[in-house]
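Q: The primary structure of each chain is shown beneath.
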Amino acid sequence: MRVSVDSGSCHGHQMCAIAAPEVFGSDELGNATVLIDGDIPEELQAKARRAEANCPERAIIITE
Amino acid sequence: MTDTRKPVEDILTDYDIFDPEFVKDPYSAFSEIRESGCPIAHTERYAGSWLPTRYDDVVAIAQEYETFTSQSILVLPPIPGQNEGQYGGVKAPPISSDPPEHHWHRRLILPVFAPQAVAKYEQGTKDLCNSLIDEFIDKGTADVAGDYAQHIPVRVIATLLGVPLEMESDFTAWVRAALENITDVEGRKWARQNIIQFFLAQVEDRKNNPRENDFISELMNTEVEGKKVPLDYVLGVCNLMLVAGVDTTWSAIGSCMWHMAQHPEHRKALRDNPELWPTAIEELLRVYAPVTMARVLSKDAEFQGCPMKAGDRVLMAFPAANRDPRQFENPDEVILDREHNRHVAFGSGIHRCAGSNLARLEVRVALQTFLARIPEFELVNPDDVTWAGGQVHGPRRCMVKF
Ligand code: HEM
Ligand code: SF4
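From first to last, the protein sequence lines stand for chains U and P. Going by our numbering, the final residue of the first sequence carries number 64, and the count climbs one at a time with no gaps. Going by our numbering, the final residue of the second sequence carries number 466, and the count climbs one at a time with no gaps.
These are computed hints drawn from the structure, not numbers from a lab. Check before you lean on any hint, since a few could be wrong.
[What the hints assert, rightly or not] SDA-like cross-link-like pairs, simulated, lysine to any residue; straight-line CA separation at most 25 Å:
no. : chain 1 : residue 1 : chain 2 : residue 2
1   : P       : 184       : U       : 29
2   : U       : 47        : P       : 400
3   : U       : 47        : P       : 413
4   : U       : 47        : P       : 180
5   : P       : 184       : U       : 61
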């Protein structure tokens, strides 16, 4: 599983980082960054899905 | 005082967001409208407005900023003549701005509110909460709205802006007149004049006595395309910080305290499982979302079959969107670890609350500090709680005993 953020639709709610602080962080404007390069480890995948389900802008893209 | 308002005939065509019943409990009205054949209600009251109640509709309108503009974002029309005269250009950027200016109006303030930037207010907020609790802990009762919640955001914002904390009661009075008792136009004028005069004096003072690490000074010295930002922008941002950062957050803290007073099982769950806090805060913000904003149409548009006209006002009922059963299972229930929570308490799209990370921090620290020192408490009398509503919803007197 990989995750990315569509920076055009991210408006910095930070709900992704609340749901999955190991996977998502914040740049200096408060918009989302992805903290993990490449595949998301097994144990964080549920959290990453939860982050996707909490983003009000639907800005998180998960590819399996 | 006798209430001379005309009784509401039909909520779909005549809703009244300042009706005392609606102010106290807007949720049953939202639900009635949402589940009717016509989920976007209309009223002629207060110069007319539309009221979408479904999540998808509210979010769609928030995204379509070209049609639904932010030229006037209060739920009532602006003060007559507000845009004229010497300070007529002072608005409330970025909330009152539309693209393309909105982009830089917002961009300049975002770094101040990033999660890593607001973390430095945690300890001060906690100390402040503790000192407020010291005042009433031995009495066995407290007004958690008036003696606790009300004092927290105003002091945090005053600290952030670098303005005198001793003026807290003035700030609170201005904010209430500007955002809460807004059917009183004279009161709004008074608040606007005071806020502008106050920040003008703060700007003058900084010209003569430059300061370091000071929000207002940094704003004054910011350049955009090689030019210092205009005075109207500086005054407008300060105006917004005060008005947007105070009543909203205090209402959220108050509603959360009201909830906790009635839910010992949630107090226990948070005590036993502190890792619940982050999702619990989001869930409480979903259920008790305090803020309704507005948009004004730039052109005629049919939206979901409603014939909207240029100049019409649309109320952005984020609190209604957050309780739409199409989006949230059991929407009226507080589920502290709710899995799927795309709530829009902070809005959606380009105007999404810039201060949300600070607001969350304040709500969490206020609740954690209170619950740590006063783990068991309950409402003195549920019927005695008073509410503000319309633009910002939250308790104004809420007595608890412990
Ligand atoms: C729980 C507390 C708060 C809630 C529920 C809240 C809610 C909102 C909402 C719904 C919007 C969107 C307005 C719109 O769509 O027209 C907004 C915008 C904004 N809020 Fe908040 N707010 C809160 C606290 C704060 C705080 C503490 C600050 C900062 C000091 C703040 C600063 C702003 C700013 C600057 C905007 C405008 C952003 C833009 O237009 O780009 N808010 N807020
Ligand atoms: S929740 Fe969505 S919009 Fe918010 S910061 Fe994360 S990706 Fe961006």
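Q: Could you work out which of the previously given hints the structure breaks and list their numbers from low to high?
A: 5
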